[in-house]
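Trainee: Each protein sequence line maps, in turn, to chains A and B.
15 is the number of the first residue of the first sequence in my numbering; add one for each residue after it.
15 is the number of the first residue of the second sequence in my numbering; add one for each residue after it.
Just to be clear, a hint being listed does not mean it is correct.
The list cannot tell twin chains apart, which means a pair is met if one copy fits it or any two copies do.
[What the hints assert, rightly or not] In silico lysine to aspartate or glutamate, DMTMM-like type, Cα no more than 20 Å apart, as pairs: (1) Lys512 to Glu478; (2) Lys42 to Asp427; (3) Lys454 to Glu166; (4) Lys42 to Glu353; (5) Lys42 to Asp425; (6) Lys454 to Glu496; (7) Lys437 to Glu451; (8) Lys441 to Asp320.
Derived by calculation from the structure, the hints in this document are not laboratory data.
Below are the chains, spelled out letter by letter.
There are 2 protein chains.
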Amino acid sequence: MNELELNLIQRINVGDSLTRTSWRYPNKVAIVDGPRQFTYYELNDLVNKFSHFICSLGLQVGDSMALLAGNCAEFLISYFACAKVGVVCVPINLGWKGGEIEYVLNHSGAKAIVIEEQFLKLANVVLPSCEEIYEIVVVHSGDLQNVGDLSERNWHSFEAVIGEFEGLEPEVLIADRAAISYLYTSGTTSAPKGVVSSHLAVYLESLGVCVEDRFSHDDVLAAMMPLFHTAQLNGQCTPAIVVGATIVLLRGFDAEALLSAIEREKVSVFFGLPFMFRELLDCPSISQTDLSSLRLAIYAMAPMPDTLLRQCIEVLGCDFALGFGQTEMNPVTTIFRPEHQLSHSGAVGTPQINVAVAIMDESGCLLPNGSSGEIVYRSPQTMTEYLHNPSATELAFDRGWFHSGDSGYFDKDGILWFEDRFKDVIKSGGENVSSIEVEKAIYASSNQIAEAAVVGLPHGRWGEAITAFVVPKNGQDLDPTEILARVKDKIDGFKAPKSIEIVSELPRTSTGKVQKNLLRRQYSAHYEEK
Amino acid sequence: MNELELNLIQRINVGDSLTRTSWRYPNKVAIVDGPRQFTYYELNDLVNKFSHFICSLGLQVGDSMALLAGNCAEFLISYFACAKVGVVCVPINLGWKGGEIEYVLNHSGAKAIVIEEQFLKLANVVLPSCEEIYEIVVVHSGDLQNVGDLSERNWHSFEAVIGEFEGLEPEVLIADRAAISYLYTSGTTSAPKGVVSSHLAVYLESLGVCVEDRFSHDDVLAAMMPLFHTAQLNGQCTPAIVVGATIVLLRGFDAEALLSAIEREKVSVFFGLPFMFRELLDCPSISQTDLSSLRLAIYAMAPMPDTLLRQCIEVLGCDFALGFGQTEMNPVTTIFRPEHQLSHSGAVGTPQINVAVAIMDESGCLLPNGSSGEIVYRSPQTMTEYLHNPSATELAFDRGWFHSGDSGYFDKDGILWFEDRFKDVIKSGGENVSSIEVEKAIYASSNQIAEAAVVGLPHGRWGEAITAFVVPKNGQDLDPTEILARVKDKIDGFKAPKSIEIVSELPRTSTGKVQKNLLRRQYSAHYEEK
């Protein structure tokens with residue numbers, strides 16, 4: 015018995031979970047990707063072949079490989095192939111500009127990259143500044159044209175290299191807490207931070223999701239949110255593969271395409287943002303779509319307005335749950351469960367089985383139910399660290415808890431309410447005001463409001479002036495004065511906006527988050543002008 | 015941030031799972047123990063208090079504490095208190111004789127012991143030879159009489175020491191793979207072996223059970239099998255605590271008491287041996303018992319005869335599943351699932367989500383479906399090692415797989431069939447014969463057979479002679495010649511017993527396993543006499 019043999023017997027490895035599923039359900043469909051289908055046997059076989067290719071490049075445990083691809087089978091093949099040989103996968107956010115991609119590729123030390131053909135142009139702009147990446151694998155490539163100035167690097171075709179290797183299980187010594195991925199957070203104010211996720215954290219999170227959301231091998235999951243993001247990747251797809259469910263990959267959100275996939279593939283679970291559910295309901299074909307296979311709809315990023323939620327439950331006829339968390343927690347920390355949806359509308363739920371959730375005050379004391387403070391976590395799902403960033407890691411792990419950066423409280427029923435990102439809390443006239451509380455009052459003031467975002471902008475008298483940006487529904491006219499009057503009926507006077515701006519849209523990240531930092535930057539001189 | 019703080023944030027610890035559950039469901043009943051009930055808040059509080067007491071004794075991470083108790087709340091309190099401070103719990107098998115207990119106490123290096131009062135006499139016989147145990151905690155003790163020759167040791171009353179400490183969470187640095195328990199296997203032929211179980215293995219197994227058996231916080235579990243055994247402790251109770259279910263402790267199997275508990279406590283899940291289900295069905299009061307709360311009945315140790323299973327499903331009206339595994343795997347490796355019960359009667363199921371199961375031949379090659387060989391495992395649930403026994407560990411972990419010692423095969427549907435313990439395979443006239451195959455033929459030969467056990471006994475001509483021990487139902491007369499004739503109709507001639515002995519009962523371990531080793535020993539001269 016040597017160290018490798020013992021490791022193969024006892025370790026936690028996310029790649030092993032695919033192996034196990036492929037042995038249990040070899041003939042079950044693992045992935046539907048457009049006209050292509052892969053059984054678990056086929057998926058595992060492709061993963062093994064690609065993992066041998068990765069090894070053949072000389073990549074070793076702890077080396078990293080970037081992944082620039084949309085929602086396609088090759089994304090998951092690459093991710094699991096890396097897992098099986100201990101190479102760290104670095105998914106690239108498709109919403110990033112060249113500069114951010116360049117930063118991440120260099121910061122993560124990636125030595126190789128898998129690129130879906132449609133992103134080759136982008137890659138060709140970025141790669142000249144990423145000299146460590148000497149191995150480039152192109153997905154869906156015929157003859158590898160357009161390699162531009164990068165002809166001295168090693169170019170490979172994904173499909174060709176797959177054909178060159180055997181499907182035997184790779185046997186590599188990999189520690190439980192070896193990194194499986196570096197997931198870079200959006201970095202709204204500073205450079206993106208690389209969240210180091212371990213095999214242990216991701217596997218536990220997958221089991222946690224299976225327990226909490228009752229995933230089974232009978233489930234069919236529609237995956238339309240981007241795979242590069244932890245919510246879709248670890249929150250949904252890895253659990254699905256652990257348990258042996260079928261994943262139907264969609265290239266993004268399109269209401270018609272989603273409805274048609276639900277009916278055609280008998281989708282039981284899917285995950286989207288609140289505005290997607292709105293669009294789904296507004297879709298003319300929904301009344302002719304067979305939705306009877308749906309079991310659970312999961313939403314995230316924001317609470318669902320009560321009226322929308324009730325409509326959704328009625329029309330889709332399935333359970334609803336909100337998943338709350340963050341990349342650093344891999345990611346789900348609390349679940350706003352089906353049984354609480356209508357009674358505690360707007361909450362973010364109760365802790366997920368693997369996560370201890372507490373509220374901490376500024377002095378480091380944990381607070382009782384009803385008291386507001388920072389949401390903090392302890393969990394084996396917690397990230398290992400921020401890559402090459404000991405000071406940010408130190409701050410995040412201060413005083414024996416992971417600091418979420420979120421403000422919130424538990425109510426008397428033990429249900430968690432999210433108040434705001436601490437950085438979005440507005441300090442106005444000596445008071446702290448939750449931007450989200452003001453947004454809720456604005457939403458409640460009129461049914462003509464599609465979206466609202468509230469930020470604090472520099473102001474000579476107030477320090478920060480509460481300022482609202484409002485998008486009207488369907489391009490209608492809205493009267494800011496009227497909205498303001500109604501808002502003042504609903505919240506304390508000092509929380510009312512000093513100004514309401516009607517805009518046609520709000521800046522968003524590629525995962526759908528409103529970029530309040532951009533609003534703050536763009537409108538920083540707003541009160542100087544007046 | 016120091017090492018302890020980082021550990022508290024990121025680690026896997028079984029004790030932390032109780033903390034989390036007590037925060038999620040503080041007012042939910044965790045344990046019903048006769049007239050006593052403990053909410054999760056109360057259970058966690060008692061566990062924390064007892065863990066501080068353990069520390070006050072000077073016990074440190076890696077020290078061990080023995081536990082000599084029946085199914086009572088204090089068993090689980092002690093187990094989780096040890097977990098929270100990294101002390102290794104050593105549950106004592108209540109079926110052991112003094113010599114075995116003495117061996118285990120000394121072998122495990124236990125420095126303290128928790129004893130339920132009813133076992134004090136036994137302890138007083140054993141403890142004089144266990145000089146390292148200087149701290150003795152008695153459960154349910156008034157004034158600590160009868161300490162006999164052990165008055166120089168430190169005696170404590172469980173209830174008194176609980177009152178001396180605060181319920182704050184202990185904060186101790188404990189590694190993911192630190193030992194949570196040493197579980198000693200029965201040791202039918204040699205000294206008991208101490209299976210070292212890690213926090214990581216037990217926690218993963220608990221999540222695996224929650225996924226596979228769909229445990230939820232709405233479940234009520236009746237626990238009548240002994241807590242000292244991994245099947246009840248890790249297979250059922252730890253998952254129940256992880257997920258927040260209620261555990262109804264029963265002092266052992268009594269059909270009337272179980273039926274009454276099912277109705278009174280609205281039990282949804284319970285676990286027993288096949289003969290217990292037989293007794294349950296024969297219980298006159300079953301027709302008047304409200305069994306509507308039952309969701310899942312789990313059995314183990316042996317397949318359920320088909321007719322009994324069908325009766326059970328009809329009368330109990332719930333799903334049935336068999337759990338297969340062994341202490342070294344903590345313990346469940348395959349689950350014979352409800353949907354396969356009637357179509358593949360006699361199988362042991364498909365792999366549990368955390369476990370890779372394969373069949374290996376003598377040369378170390380993995381075999382395809384349909385081929386028989388040794389059942390081998392890979393899983394993060396696998397034990398760490400056999401305590402102080404590197405040679406047994408080396409044997410068990412040979413060639414990169416854990417060796418179960420079981421012979422079996424996968425059928426064409428990918429379902430596992432257990433053939434025999436390798437040590438129970440009979441080598442007769444140059445052929446290997448599964449004792450279990452012969453037993454099945456005997457059961458099928460007459461409906462007057464309560465039990466049958468088949469072993470190989472030394473024989474001048476055959477090497478081992480296949481020999482059957484048969485217990486008739488209700489003390490009826492049975493004709494061995496007639497049985498033999500019918501058995502020969504069912505199996506190959508060389509597999510037929512050379513002799514059938516009618517006996518009134520079979521020797522069993524305290525967990526219900528037939529002790530074939532005792533039969534072999536007692537009847538070793540059987541064929542010499544003839």
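Trainee: For every hint, state whether the structure bears it out.
Mentor: Hint by hint, here is what the structure shows:
no.: 1; hint: Lys512 to Glu478; result: within (10 Å within a copy, 95 Å between copies)
no.: 2; hint: Lys42 to Asp427; result: between (42 Å within a copy, 13 Å between copies)
no.: 3; hint: Lys454 to Glu166; result: neither (56 Å within a copy, 70 Å between copies)
no.: 4; hint: Lys42 to Glu353; result: between (32 Å within a copy, 17 Å between copies)
no.: 5; hint: Lys42 to Asp425; result: between (44 Å within a copy, 17 Å between copies)
no.: 6; hint: Lys454 to Glu496; result: within (16 Å within a copy, 83 Å between copies)
no.: 7; hint: Lys437 to Glu451; result: within (15 Å within a copy, 69 Å between copies)
no.: 8; hint: Lys441 to Asp320; result: neither (29 Å within a copy, 71 Å between copies)
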